[in-house]
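Per the working numbering, residue 3 is the first one in the sequence shown, and the count goes up by one each step.
These aren't lab readings, by the way, just hints derived from the structure by calculation.
Within a straight-line C-alpha distance of at most 27 Å, the following computed DSSO-like cross-link-like pairs (lysine-lysine) qualify: (1) Lys95 x Lys58; (2) Lys70 x Lys95; (3) Lys85 x Lys95; (4) Lys7 x Lys70.
Here are the in silico distance ranges between beta carbons for each label pair: (5) Lys70 x Pro127: 31 to 41 Å; (6) Asn56 x Gly144: 17 to 27 Å; (7) Pro127 x Asp34: 33 to 43 Å; (8) Gln117 x Gly53: 16 to 26 Å; (9) Glu130 x Gln103: 33 to 43 Å; (10) Asn135 x Glu8: 16 to 26 Å; (11) Ser71 x Asn132: 35 to 45 Å.
Model, not experiment: these values are computed from the prediction.
Each residue gets a CB set at the ideal place from its N, CA and C atoms; glycine is no exception.
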Amino acid sequence: MLFTKEEESRIVEAIRAAERRTSGEIRVFVEDFCMSDYPVERAAEVFHLFGMFNTKARNGVLIYLAEKSHQFAIWGDAGIHEKVGFQFWDAEKQLLRDHLQRDEGVDGICRVIAQIGEQLRHHFPVDEDNDENELSDEIIYG
3 MLFTKEEESR IVEAIRAAER RTSGEIRVFV EDFCMSDYPV ERAAEVFHLF
53 GMFNTKARNG VLIYLAEKSH QFAIWGDAGI HEKVGFQFWD AEKQLLRDHL
103 QRDEGVDGIC RVIAQIGEQL RHHFPVDEDN DENELSDEII YG
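Starting from the given sequences, assemble the full structure and let the hints guide the process.
If you want it as structure tokens, here you go:
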């Protein structure tokens with residue numbers, strides 16, 4: 003397993019903290035090996051496999067990690083992607099890459115979640131009266 007129970011709890015709490023301020027949804031998916039030549043393609047496949055495109059505002063984000071093949075990707079649905087664009091995703095990927103190379107993966111994941119959460123909050127603020135957690139906050143292991 004990539005994460006200890008404590009690390010897993012930290013990541014889940016980072017997701018919950020980010021989602022408290024937005025209608026957006028963030029998930030983390032971990033598997034041993036990437037099932038595609040391109041991790042972004044696998045991230046898109048996983049995104050659809052788990053129905054993440056079904057959020058009301060199309061504002062779900064998936065952080066995809068393939069532990070043993072040392073690959074990752076970040077996939078944002080159409081609603082958030084049209085607001086932040088490729089430049090934002092590239093910066094988040096670089097941030098995560100830097101942390102992974104320093105063996106600080108959990109810190110990097112939590113920082114990326116916080117920064118994605120901030121963009122989601124800015125573009126999709128929480129509606130206290132109608133907000134629901136559309137997707138589980140738990141890490142998915144494939």
